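J.: Listed below are the residues making up each chain.
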Amino acid sequence: MEYGLDLEYSFNEFLKGFGLSSEIAHIIWLPLPMLLVLVAAVVGVLVTVWLERKISAAAQQRIGPEYAGALGVLQPIADGLKLLVKEDIIPAKADGILFTAGPILVLVPVILSWLIVPFGQNLLISNVGIGIFLWIALSSIQPIGLLMSGYASNNKYSLLGGLRAAAQSISYEIPLALSVLAIVLMTNSLSTVDIVNQQSGAGILSWNIWRQPVGFIVFWICALAECERLPFDLPEAEEELVAGYQTEYAGMKFALFYLGSYINLILSALLVSILYLGGWGFPIPVELIAKFLNLPINAPFIEVFTASIGIVMTVLKAYLLVFIAILLRWTTPRVRIDQLLDLGWKFLLPISLANLLITAGLKLAFPQFFGG
Amino acid sequence: MSIAITTQFICFTVLSLVVIIGALGVVFLESIVYSAFLLGGVFMSVAGLYLLLNASFVAAAQVLVYVGAVNVLIIFAIMLVNKKEDLKPINDIKSRRVISTSICLTLLSLLIRVDLTNVWSLSSPQNSIGEESTIRIGEHLFSDYLLPFEVASVLLLMAMIGAIVLARRDVMSKDISTGLPVDQELIEKSSEPLLTNKN
Chain A
8 MEYGLDLEYS FNEFLKGFGL SSEIAHIIWL PLPMLLVLVA AVVGVLVTVW
58 LERKISAAAQ QRIGPEYAGA LGVLQPIADG LKLLVKEDII PAKADGILFT
108 AGPILVLVPV ILSWLIVPFG QNLLISNVGI GIFLWIALSS IQPIGLLMSG
158 YASNNKYSLL GGLRAAAQSI SYEIPLALSV LAIVLMTNSL STVDIVNQQS
208 GAGILSWNIW RQPVGFIVFW ICALAECERL PFDLPEAEEE LVAGYQTEYA
258 GMKFALFYLG SYINLILSAL LVSILYLGGW GFPIPVELIA KFLNLPINAP
308 FIEVFTASIG IVMTVLKAYL LVFIAILLRW TTPRVRIDQL LDLGWKFLLP
358 ISLANLLITA GLKLAFPQFF GG
Chain B
747 MSIAITTQFI CFTVLSLVVI IGALGVVFLE SIVYSAFLLG GVFMSVAGLY
797 LLLNASFVAA AQVLVYVGAV NVLIIFAIML VNKKEDLKPI NDIKSRRVIS
847 TSICLTLLSL LIRVDLTNVW SLSSPQNSIG EESTIRIGEH LFSDYLLPFE
897 VASVLLLMAM IGAIVLARRD VMSKDISTGL PVDQELIEKS SEPLLTNKN
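First to last, the sequence lines map onto chains A and B. Everything in the first sequence is counted per our numbering, starting at 8 for the first residue and increasing by one. Everything in the second sequence is counted per our numbering, starting at 747 for the first residue and increasing by one.
In isolation and in its complexed conformation, chain B is listed as follows (with noise of 0.2 Å):
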């Protein structure tokens, strides 16, 4: 083996090795803020897995909106309401966990049938885009999926306006979902300190 493969190998075992282990990790932990960060790292590393396939523009997008956005907003949201509270016990939980784990066994059946399969035409590096790929992407978005571009902003500005709505629920003099009289004190209630003792 050359040394470029070797690398190459020894990036992709790395990077699929942090994916598994981290996407278990964001499931299985307890603590909900060592999740965030290690859906960070899930994250990073698939950005990482796209560099290897040659897709630095994806690798980067990836970075920019599911770290530097999604990411930051979750850890964001849950350090602003870092309540410590006990959850309380379910009592059927044995069951609710056997259909969970069923549902999450047959996906995974799902996607390892697709894999085997799927015939997966597979590019020699010689004909790769690389760097090109902006301008494709970008040709792409602009001609046959000009639709799904165009749907997918006006889902984002549907979300936007929801969440203003949600948001300045003081301007409403009605409340949106019961349709009483919005109780104003209510809205500008006392928040509890926002790091409560630990334990």
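Looking at chain A on its own, in the form it has when it is part of the complex (with noise of 0.2 Å):
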């Protein structure tokens, strides 16, 4: 299965051209994927906020933003240059190495996260051997900074909002880390690439989907609930809350809790089209169109096509996703926060656990369709 674009082997080789060592080469590209990704990270945050500005307004029958652009598409652009000019406001009782640590911490693991997310075989910046463990394990980073901004604003709204998040993400994250431990049973592996590859033999057919529905629902309703998307927004309840443990927060540092959620959301989403939804696969092998195209499957136009086509899948999919929870959040109430406890502990984990004892006997009984 090792075929595929190696951009940092001919990258490397490139530099070496010029009578480079390897060390320098390597130190030359080790920043070059990473600032990739931040970028590729902060576009996609505003794309997505232009898409929920034109949902919502489709899902409530306005038009949404117009004039800022075609469609609006420079709004968010508009919203960015509004928050880094905007005054930098500590409240006076407020505690200044905690309110500004705050944000950090929970900007700082998501953005960390997306060292796992593949694109293709090799368009990753890392495949590390622990891989979706990783992103387990930094996501539990994030609520320390959520109580450390409720806690330093010195606002009752604030800390209950902090404490809301807290507990909130402590509870989805074990579904959630179960029912990703579902997928780890059947793949062998914890790398995200392995994941992929285990779902490529039969295109769409041999997606995880289908055979971890349950899983797949369990782990959405979890991102949703991590990422504090609507229906389970309770941290930032308006009505109730004002804006939970963001009320304190202007300027650059509220910006960089509002990218942090975006930036949430984008890697959930690309996170459940790894896990369940075949990745960078395309829903027709591409082994069987480089036979129908009569080419072998190292032809430099296959790797290409290979290539740009699991971008394609990945962002596509990712995005159908992102539109699945933006037209749920202008669409559903939220729930109260008892609802919400109970919701994941007394629904979602049995569900999961469940899930998990299942596909551990379906392994042992059809290995050759549970990963053996």
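For the record, the hints were derived by calculation from the structure and aren't laboratory data. Remember, it's a predicted structure, so these values are computed and weren't measured experimentally. Even for Gly, the Cβ is constructed at its ideal location relative to N, Cα and C. Fair warning: there could be bad hints in the mix.
In silico EDC-like cross-links for lysine to aspartate or glutamate, where the CA-CA straight-line distance does not exceed 20 Å [what the hints assert, rightly or not]:
hint, chain 1, residue 1, chain 2, residue 2
1, A, K93, A, E73
2, A, K163, A, E247
3, B, K840, B, E776
4, A, K89, A, E73
5, A, K370, B, E885
6, A, K100, B, E776
Simulated restraints on C-beta separations [unchecked claim]:
hint, chain 1, residue 1, chain 2, residue 2, range
7, A, R343, B, A909, 22 to 28 Å
8, B, V816, A, G258, 32 to 38 Å
9, A, L58, B, V827, 39 to 45 Å
10, A, P340, B, V897, 31 to 37 Å
Put the two chains together into one complex, using the hints given.
T.: See the structure below:
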């Protein structure tokens, strides 16, 4: 299965052509994918914000942003610029250090998690062995930042919002991890690349969604709850808590929260598409297309075709899920805090545990379908 | 020195400094909230040290368990009972401090002695298992370390049942410790507002 473009190798060879040592070439290479992913994440946020505005407008029979660029596509940039030039206020009785550190702690783990998102066989920053486990571990840091900013604001709404956020993310992390575990059980690996490769046998038919329908739904609900999207946006419920832990924030610090929540949404959508919808895989296997065109699988044309279709498919699947998330946000009411915790502990947790158990049993019974 | 070794040395120095200074801060800072957040920083740096030792699975588990669960719950508990109260001065504070300092120094000297006398078998980067460690840990957990693993789960189950019993005292007719009938009024007592005036 080791085909596809290896940009790092070609780049290093290219630099070595100028007489640089391989170590220096590696150091020049290192920041490039990180920068690329950062830019991709921010552009993704801009697109999602525009989508959110347009889809919410459509759901409420409005027009939505219209004047900033064609169809209002420049509106998110205008929003971002506004936040950049706003005054950075720290409330008089707030705790300055924690108040500043909170948003950073919320944003950094989310961006770090992009390390493991693959857009193709070699199109990811680092194919670390612990892959998906790294994401679960990193996403568990976020509640500390939320609690920190909630406490430091010295405001009862902020504190309540921070506490709710932490309670929510602790409760939904467990079913989330259990449903990921069922996938890992089938793949025999934690690496995201292996998880996608395991689904690439027969195109759309071999995607994990058919073998893990319950896990897919549990994971999606938990991912929405982790992102604090409606119907689970209790930490910042406007009618009850003003804006939750974000109440006292303005300017760039607020923008960090804003960026963090949208990057997290895109990341969750990407991970759902990687875990359940075949990642970069095309619904029809590329091998079949190559055979149809009478080309060998490692022909240059097929390699470029595979790489570009990989990126397009990953992004397409992710944005389909983002679309569903936005539609859910503007059409469903918010759950109460007791309903939220009941759903997490009394419904999703047993269901995901049973799902894990059944997956293990099926793996033993039908090793050819559920990973031997 | 090659670039890799230099980077490793810088990372090690920074992480060790954060661990030591952070741990001292946890002990000596007056504000319990700062102590709790610093504890999180210490746990993170320890995870970083594991990463330097090529133990990425252990590092991620450290972050998940210690930072994501233990530390979050500590901070959660501190904020739920966010009460400002002046602690009563203890009259024999000096002798207590002397005793605790001497105990800590004894432990430290024991650790230093172990460090100096033990012959450490250092593995070279070539024969470190690295990415394979996840599989090895799983094999050990389900073969020679199966009993400790299961006993730990029984311990956790006991702790969980204990917590439920303590939290749901309203379903018991008798108090667990004294044996007296439970005063149901006391359980539903109103609590103080969360953020009492800061000073």
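J.: Each hint: holds or not?
T.: Results for each hint:
Between A:K93 and A:E73 the CA atoms are separated by roughly 23 Å; this puts the pair beyond 20 Å, and the hint is violated. Taking the CA atoms of A:K163 and A:E247, the gap is about 11 Å. The hint holds against a cut of 20 Å. Taken as a hint, the B:K840 and B:E776 pair is honoured in the structure, with Cα atoms around 17 Å apart against an allowance of 20 Å. The hinted pair formed by A:K89 and A:E73 meets the criterion: a straight-line CA distance of about 18 Å does not exceed 20 Å.
Annotation: proposed proximity of A:K370 to B:E885 holds, straight-line Cα distance about 18 Å (limit 20 Å). Taken as a hint, the A:K100 and B:E776 pair is honoured in the structure, with Cα atoms around 18 Å apart against an allowance of 20 Å. As the Cβ distance of A:R343 to B:A909 is approximately 24 Å, the hint placing it in 22 to 28 Å holds. For B:V816 and A:G258, the hinted distance range of 32 to 38 Å is satisfied, since their beta carbons lie about 34 Å from each other.
Between A:L58 and B:V827 the beta carbon distance is about 43 Å. The supplied range of 39 to 45 Å therefore holds. For A:P340 and B:V897, the hinted distance range of 31 to 37 Å is not satisfied, since their beta carbons lie about 46 Å from each other.
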